[in-house]
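Quick note, the sequences are listed as chains A and B, same order. Counting along the first sequence from 1, when you hit position 158 you're at 158 in the working numbering, and nothing is skipped either side. Counting along the second sequence from 1, when you hit position 421 you're at 421 in the working numbering, and nothing is skipped either side.
Since no wrong hints were added, every one of them can be taken at face value.
Have a look at the derived ranges for each label pair, beta carbon to beta carbon:
| # | chain 1 | residue 1 | chain 2 | residue 2 | range |
| --- | --- | --- | --- | --- | --- |
| 1 | B | 317 | A | 69 | 36 to 42 Å |
| 2 | A | 136 | B | 139 | 55 to 61 Å |
| 3 | B | 477 | A | 29 | 58 to 64 Å |
| 4 | B | 396 | A | 47 | 37 to 43 Å |
| 5 | A | 120 | B | 173 | 25 to 31 Å |
| 6 | A | 200 | B | 332 | 34 to 40 Å |
| 7 | B | 103 | A | 187 | 26 to 32 Å |
| 8 | B | 58 | A | 136 | 38 to 44 Å |
| 9 | A | 69 | B | 221 | 22 to 28 Å |
What the simulated footprint calls covered on chain B by chain A, stretch by stretch (three residues with Cβ under 8 Å from a Cβ of chain A suffice, anywhere in the stretch; the number is not a length):
| # | segment |
| --- | --- |
| 10 | 3-11 |
| 11 | 68-74 |
| 12 | 105-118 |
| 13 | 176-187 |
Sample of chain B residues lacking proximity to chain A, with all beta carbon distances greater than 10 Å (derived):
| # | residue |
| --- | --- |
| 14 | 56 |
| 15 | 62 |
| 16 | 152 |
| 17 | 207 |
| 18 | 271 |
| 19 | 278 |
| 20 | 288 |
| 21 | 340 |
| 22 | 353 |
| 23 | 354 |
| 24 | 374 |
| 25 | 395 |
| 26 | 429 |
| 27 | 464 |
| 28 | 467 |
Note that these hints are calculated values from the structure, not bench results. For every residue, glycine included, the Cβ atom is placed at its ideal position computed from N, Cα and C.
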Amino acid sequence: MERYQSAVQSLTERGCLPISQQLERALASSRPVISRSIGEVLRLATSEQELYATYYQLAMGQVRIPKGDRWDVLRRVADSALFPGYASEIHFAALSLDGQGLANWGECSMTLREHMVAHRVTVLEENSVTFLKRHYIRAAELDSLPRGYRASWNDRHHLVIAKLSSSINSSTTCDDFVGLLMSQGDNTSEDEFLEIHCFGPISIRTVERVVVLRRNETISDATLDALREHLRRVSVSLEVR
Amino acid sequence: VDAMISGRAGVALIIEGGTIRFTRHDAKSIRLQLNPTEIALLLGSVRDWEFQSNVKPWEVTSRLAEMVDIEAGLDLSLVLLDPGMPSIIRERAAGELDMSLASPGVECGLQAVLFAKPLPASADLEGALRSADTQKATVTRTMLGELMRLQPEIRSVRGEWEKVPDSTFGGEQERRHCELQLVRSGVFRDLVLALHSRASVDDVLFASFQEPSVAPLSNCRAILSSWTARFQFEAYVLREIESYKESVSRAHLMRIADLASRTLSRSPGATSTAESLASEVDRIIARRLKLPAFNTWRRRRSRNADEPKRPEYWGLRADTPLQAVLASLVADSPILVVGARVIGTALFLAANGRDVQALESDSTVAERVLQAASDAGLAERVTGYPRALQEWTPSGSLSGVVVTYAAFEALSSNERARVIGLMKAATDDGGLHIIEGVGQASDSVGERDLRDGYADWQTSFVQEPGSVRTFIARKTQK
Chain A
1 MERYQSAVQS LTERGCLPIS QQLERALASS RPVISRSIGE VLRLATSEQE
51 LYATYYQLAM GQVRIPKGDR WDVLRRVADS ALFPGYASEI HFAALSLDGQ
101 GLANWGECSM TLREHMVAHR VTVLEENSVT FLKRHYIRAA ELDSLPRGYR
151 ASWNDRHHLV IAKLSSSINS STTCDDFVGL LMSQGDNTSE DEFLEIHCFG
201 PISIRTVERV VVLRRNETIS DATLDALREH LRRVSVSLEV R
Chain B
1 VDAMISGRAG VALIIEGGTI RFTRHDAKSI RLQLNPTEIA LLLGSVRDWE
51 FQSNVKPWEV TSRLAEMVDI EAGLDLSLVL LDPGMPSIIR ERAAGELDMS
101 LASPGVECGL QAVLFAKPLP ASADLEGALR SADTQKATVT RTMLGELMRL
151 QPEIRSVRGE WEKVPDSTFG GEQERRHCEL QLVRSGVFRD LVLALHSRAS
201 VDDVLFASFQ EPSVAPLSNC RAILSSWTAR FQFEAYVLRE IESYKESVSR
251 AHLMRIADLA SRTLSRSPGA TSTAESLASE VDRIIARRLK LPAFNTWRRR
301 RSRNADEPKR PEYWGLRADT PLQAVLASLV ADSPILVVGA RVIGTALFLA
351 ANGRDVQALE SDSTVAERVL QAASDAGLAE RVTGYPRALQ EWTPSGSLSG
401 VVVTYAAFEA LSSNERARVI GLMKAATDDG GLHIIEGVGQ ASDSVGERDL
451 RDGYADWQTS FVQEPGSVRT FIARKTQK
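Extracted from the complex, chain A is given alone in its bound form:
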């Protein structure tokens, strides 16, 4: 709250309070968005249908890193203590105002239904590893993060204002909100966003909307049509951009 109050004070002094208040109001419609490949979204969307599940399950297994020294670097990372005991239960998402997620992680952005996840998400100011580095925090100290950088779902607007206050100025308009909240980098390390940790399972019923970014011709028309049809049956809308 202290960071938020000091941000509000700074915005007031610079005459930017009205636009920041508009941003706070707009944030009420922000949602967690998970990015995935179209193949993964199709698998999720058809997981309750016998025909699809029969064959998709055949190709799925547990991650088993091969034996041998050469895989040690991967084993160390996989065993990383970032989220001890929780890694398989955490889904990472980004906070989005327009349903578009981080495109570097997949062409499909799945917006999660607020009422199904609000009680099991936390919002971090930025990518967690960048955050740990910036604040010289060891992974083992994740349970005692400095106050003011992580928020519950209902307090996310405070965190956003605390983070973005210095980027809001007299020329900021409502059209800038989407880009302020999330900026797509040329690569994953240049992405700017608020990271959401969602605990527990995600199914297609947790999703309210899918946005497909058609960057090139790698997505087939039939697959896209089929995905739209599957999503329609579970009342999930699909938008192609």
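Chain A is fixed; fit chain B onto it per the hints.
Using the frame of chain A, we list chain B on its own:
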């Protein structure tokens, strides 16, 4: 580089020199170092990783593209088979699948999955064929036709797979992991095709043992043997019947055919087609040959297969210390075998499921080891190194070393110490060194040498018949 590739996610992680990079199939220029959260994110959500060791970066990109194409082909196939999809989408899928099947590796990769399980009742193969016809998608139609034709064999292969008990795999998760590797490497598909064309199941098994993802599977041989036993039995019965047919006169065969025809005519409801007549002829011949039932045949085969596991089979003593220590070896790494008893020892260990490196300076003897291994069906277990002991350097870690002391006696004391040092360093924690034929006298050079050389290991001597003993040293677990 080493790589982890996921076709479903369309990403590859490239591991090189302690760093991990990331590439997406649709944005080949993105190649960045990943942070641990991002990797945890990928590891947590993606379930179809394929691991590749020691490959070139372009090979990773190429395999990623192939895996993505296979996954896209699978999506299209399932859409095409889905009776709940509007026909216009199914027809579009048929057309796109036709083009997709032209990409290298796609048809093979798709068959690997689609031939691994029978089509569920909810699949509409007839409708899929109609959609392919409407689109004039001939390649798709051919693939669907084959899928339809092979359903009996697919059911059979899957049925036998389900019968392999979980305990053979070591648990349910291990079963799942093993299934994934066998599906992905096409072993299910190859078995289905072999059964359909009455080709050799042994050839499929031999090829699968060469697969980098299949060979390291725990208890791989027992699993594959149990899975394919029924097919091998059927092949055995067929062989015996065909041999019988070739050994008797045409008139004799005609008499059997008459008998078969009479039997069929007496059976209520039986139809006398050429196929049913041929089956009845085979049944009569099998009865006359007193061919064993499947369970009897399997018991006999298992007994015969166990013979090579006995030391006496290889000319070793029944109470050889090798027998006792085999069970206590902890790691899966190979065992190095050197010295006078190299053939018997190497094959005994290989028959008991251990990988063996046989070191022998005489190239003729080295070749004999490999030939004997090949004759015994143990070729994949034994690697031969035709070189002298003092020239040996480890090629990886070892779970044990078996050597006759005489092999050391040809070395100078410095060479002996150096070689023993190398062997010790290459041995896994808990690994064993067994040195046979050490002199009896407690003050012998051999015993002193060994006690000094292995001062930091747990050691003991086992008395052998006569005046020699076997020295056993276990590397202390850290």
